[in-house]
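Build out the structure end to end from the sequences listed, making use of the hints.
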Amino acid sequence: MSNNTIKINDFVIRFANVNGTGSASANTMFALSIFRMGVPMTAKNVFPSNIQGLPTWYEVRVSEKGYLGRREGVNLVACLNPQSLAKDVATVMPGGYFVFDSTKNLHKEFLREDINYIGIPMMEICMREYTDPRMRQLFKNMIYVGALATLLNIDLDVLNGVISDEFKKKPKLIDPNIYAINLGVNYIKANYDYPLNIRLEKRNLVGNKIVINGNTACGIGAIYAGATVAAWYPITPSTSLIDAYGKYASKLRIDKETGLNKFAIVQAEDELSAIGMVIGANWNGARAFTSTSGPGISLMSEFLGLAYFAEISTVLFNVQRTGPSTGMPTRTQQSDILACAYASHGDTKHILLFPSSPKECFEMSADAFDLAERLQTPIIVMLDLDLGMNDHLSEPFEWDENRIYDRGKVLNTEELEACVQYGRYLDLDKDGISYRTIAGTHPTKGAFVTRGTSRDEYAKYTEQGEEYVKNMEKLTRKWETAKKIIPEAELYQSSSNHKIGMLFFGTTLYPALEAMDILKDQGIQIDAMRIRAFPFTKAVDDFINQHDYVFVIEQNRDAQFRSLLVNELDINPKKLIKILNYDGMPVTADCIVEQILPNFESILA
Amino acid sequence: MSYIKPPFRHPDLPSNELGYSKKDYEGTISTLCAGCGHDSISGAIVQACYEMSVEPHRIAKLSGIGCSSKTPAYFLNNSHGFNSVHGRMPSVATGANLANRDLLYLGVSGDGDSASIGMGQFVHVIRRNLNMTYIVMNNGCYGLTKGQDSATADEGSLSKGGSTNLFQGIDLVGLAMELGASFVARSFSGDKNQLIPLLKAAMSHKGFAFIDIISPCVTFNNNVGSTKSYDYVRDHMETLGTLDFVPYKNEITLDYQAGDSKAVQLHDGSMLNLHKLNLEWDPTNRKSALEQINQSKDKGEILTGLIYIDQESTDLHSLIKTTKQPLNSLTEKELMPSLTDLELINEDHR
Ligand SMILES: Cc1ncc(C[n+]2csc(CCOP(=O)(O)OP(=O)(O)O)c2C)c(N)n1
Ligand code: SF4
Ligand SMILES: [Mg+2]
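As you go down the protein sequences, you meet chains A and B in turn. For reference, each letter of the first sequence is one residue, going 1 to 605 in my numbering. For reference, each letter of the second sequence is one residue, going 1001 to 1350 in my numbering.
By construction, these hints were calculated from the structure, which means they are not laboratory data. Using N, Cα and C, we set each Cβ at its ideal position, and we do this for glycine too. Treat the hints with care, as some may be off.
[Unchecked claim] Here are the simulated EDC-like pairs of lysine to aspartate or glutamate, each with C-alpha atoms no more than 20 Å apart in a straight line:
| # | chain 1 | residue 1 | chain 2 | residue 2 |
| --- | --- | --- | --- | --- |
| 1 | A | K578 | A | D541 |
| 2 | B | K1324 | A | D270 |
| 3 | A | K430 | A | E480 |
| 4 | A | K209 | B | E1334 |
| 5 | A | K247 | B | E1347 |
| 6 | A | K575 | A | D521 |
| 7 | B | K1192 | B | E1238 |
| 8 | A | K87 | A | D583 |
| 9 | A | K256 | B | D1341 |
| 10 | A | K247 | B | E1334 |
| 11 | A | K7 | A | D155 |
| 12 | A | K262 | B | D1102 |
| 13 | A | K87 | A | E113 |
| 14 | A | K262 | B | E1332 |
| 15 | B | K1333 | A | D406 |
| 16 | B | K1333 | A | E398 |
| 17 | A | K65 | A | E113 |
| 18 | A | K262 | B | D1341 |
| 19 | A | K430 | A | E467 |
| 20 | A | K169 | B | D1102 |
| 21 | B | K1321 | A | D255 |
| 22 | A | K445 | B | E1055 |
[What the hints assert, rightly or not] Covered, in the sense of this in silico footprint (three residues per stretch, anywhere, with C-beta under 8 Å from a C-beta of chain B), are these stretches of chain A:
| # | region |
| --- | --- |
| 23 | 216-225 |
| 24 | 232-241 |
| 25 | 272-280 |
| 26 | 402-410 |
| 27 | 433-445 |
Written as structure tokens, this is what we have:
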């Protein structure tokens, strides 16, 4: 059964693989070829919390219009995993294609009337061509990539170029891989009509963009920002952030003369210890960071409170996933908003940054270190699994080579010498930010004992209520100062005079913009604002005030971000309408539109 | 109540080699109970640092939470201090040390702080051989929360309220040995003559130096039947020997008496001269040290003195190959890669 309309550069391909079979790199090469044909694409891994043997999926959305969010409705499934066959057949859209290994016949129950089947005897070809079982497995991956390339009209020169680059360091592997690709290509050419009705055409739509994941971007950002100490405890999906930092540090941060490291990475015994090390290092004047996910945030909470009250700069990346430890740790969510905004006991609140793209990850990672030192407080950079671990099309990274690290208010030896009476927590500039000193700076001036709140402005021990209140007011002043220097929210319309608005943050950006377009096509205009940081700035307050109703789109069940808006800006909750997605998959434009439309009818009526 | 001592300096006060008087190493007046063992330890720290002629601002003092962990306020006023989180001083000290390898790190903890809530961090800081002196002011109870038994309370020890501790005590010295600590000692807050040279040796040691100091809690655990009371400890102390600390600057003229003396060279060139009481024991031999610990345990004695030292010890920085220059002193020039590097990164992702 075939569909006659030809779809160029607008479809979704889903690979169904088995964990640990080397399919990941084959899939990545497939996606990269599309990118190198100048066509926007976005790729997402859907993987289990397991190392080998369970089903994994890899989705590639191709979008000429540049929509980079996930889309439901899979046009073609390439099924390499007998285990998930039934489910995979069911996911194909009517009129779509099901590519499978036809070495064994497909059972009748998997035959659907409304889709097209493309069988390729992959195992048979492998058995014929290769003797080593490992080779059979690895080259099977290349065979299906070659077959799909032909079916979808991927430029073979481009694909071969990707392969050559992939094996740059092991050039002996280039020819055998290209050979395997051709096995797939030739089988399709001999047995099927090609290309399919869904197909690629070269374009010039990606400019000088790059394809990279958010964790790598953050790791590189930390290197450029001068971070020297990284302490961490392994947890998906945050591990690859530290890995990236380590990988680039061992290239870019080795002292040329001595071969010694201008960085220190310590794998701690738990997240409690990791954040303790980060706080200790920052306290002692180094730029230090850790990265974790939900369970780690819970463990770090006591320390985060101390850093808030004792005013110690701290940078923490939270790559969010679904909770708890035995939740779906390899699925994405934005569900630590409240846990991070108010982490710890007592009156605490923390600055959060919400990057949406790898480029923003790179920039916010670097800015987090400046903000942390300027404001002497923890900065939590809130990624999610989708942003952190999946490859995204992104603007290339840019950097000002004359950038000076903003170390904030730190007194050096001369300044201390000139100081009559040093007080660590005095608010001399009335901005809530005091002058700090670092151990070892001056023989007789500037030393003090750091502790929570049982101290006065001179850091001398006291349990006086007035001193406590004075200090809390100072921290509130600092919170106001923060609003002036954190990243401002972004608007997506030239003027904002509609009655209805939508607010979102992080990875919801692309599906939200796509939803805006879909609604516009239906004659519905919505203003959109993307919030990039907490605390909320005046612009956020104004946006909500200017609109009768605002949809708040987020990826958790309890509308945590909405609660934060209501609580911090004193908003009438009725004004903020929840648009939620929390199944562990990145939110789609369709999901947003479907939830918005019914509301829309009732509010306009 | 809190008050600061007036910064009064008497012209006739004796001073050390660097010209600092003992006052320069003191802290604010203690708010602990009169007679608390912890205060004597603070005094010994002041004396040791003064005698060693360390610049006070080149020391960082860190602690967890507890009466013991309050003491950093009561010594070394000219040093930065950090009264951190219950049981987590080791991680904060690790971070601080990673940031600046050039300071002396003095960590103060309690038996609750180290042997219960902070056991994990205690174990791992030893494993990493962090270059620091780690003091446990060990009173067998939780002083600050009013005297509950701690994990180092001996089985059968009687609390002030009359209840008997049912559980085995954790011996931090044995544990530190087991974990491979590179300097292990035990002392008693009431024995300054032993404690001061031990503190100096610990601070001169490169790598992790652990001193378990029995420090009676006069308010909650100094009763008859407690095994951490002044009387009990005095009666059951077995000293491995007396020791002198000879700073590397002083010429070493030692009276060797074959068999009962041993000179140990420390990392900075200082010497420890041990007048051994037990001839079988060799503080540079792990096996012999472990044997000694077991023997005293069997005899019901509290073994004190320098128990073990690894003179060849390195530290975390050597293990992870960090630059000699403290990381916190590196600037944009040393840390920021070039634009060309960034362009290469971009190119790699196209
Ligand atoms: C997370 C946490 N739990 C409990 C406490 C309460 N607390 C304060 S001090 C202390 C025990 C201290 O005992 P120890 O370390 O032996 O010190 P000491 O007072 O005996 O010197 C406890 C349980 C705390 N501060 N933090
Ligand atoms: S309660 Fe015990 S440990 Fe605490 S200060 Fe008093 S005597 Fe010392
Ligand atoms: Mg205690």
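Verification of the supplied hints:
| no. | hint | result |
| --- | --- | --- |
| 1 | A/K578 - A/D541 | holds, 17 Å |
| 2 | B/K1324 - A/D270 | violated, 28 Å |
| 3 | A/K430 - A/E480 | holds, 11 Å |
| 4 | A/K209 - B/E1334 | violated, 29 Å |
| 5 | A/K247 - B/E1347 | holds, 17 Å |
| 6 | A/K575 - A/D521 | violated, 25 Å |
| 7 | B/K1192 - B/E1238 | holds, 15 Å |
| 8 | A/K87 - A/D583 | holds, 17 Å |
| 9 | A/K256 - B/D1341 | holds, 15 Å |
| 10 | A/K247 - B/E1334 | holds, 18 Å |
| 11 | A/K7 - A/D155 | holds, 17 Å |
| 12 | A/K262 - B/D1102 | holds, 15 Å |
| 13 | A/K87 - A/E113 | holds, 16 Å |
| 14 | A/K262 - B/E1332 | holds, 12 Å |
| 15 | B/K1333 - A/D406 | holds, 14 Å |
| 16 | B/K1333 - A/E398 | holds, 18 Å |
| 17 | A/K65 - A/E113 | violated, 31 Å |
| 18 | A/K262 - B/D1341 | holds, 17 Å |
| 19 | A/K430 - A/E467 | holds, 16 Å |
| 20 | A/K169 - B/D1102 | violated, 41 Å |
| 21 | B/K1321 - A/D255 | holds, 11 Å |
| 22 | A/K445 - B/E1055 | holds, 13 Å |
| 23 | 216-225 | holds (count 3) |
| 24 | 232-241 | violated (count 0) |
| 25 | 272-280 | holds (count 9) |
| 26 | 402-410 | holds (count 3) |
| 27 | 433-445 | holds (count 8) |
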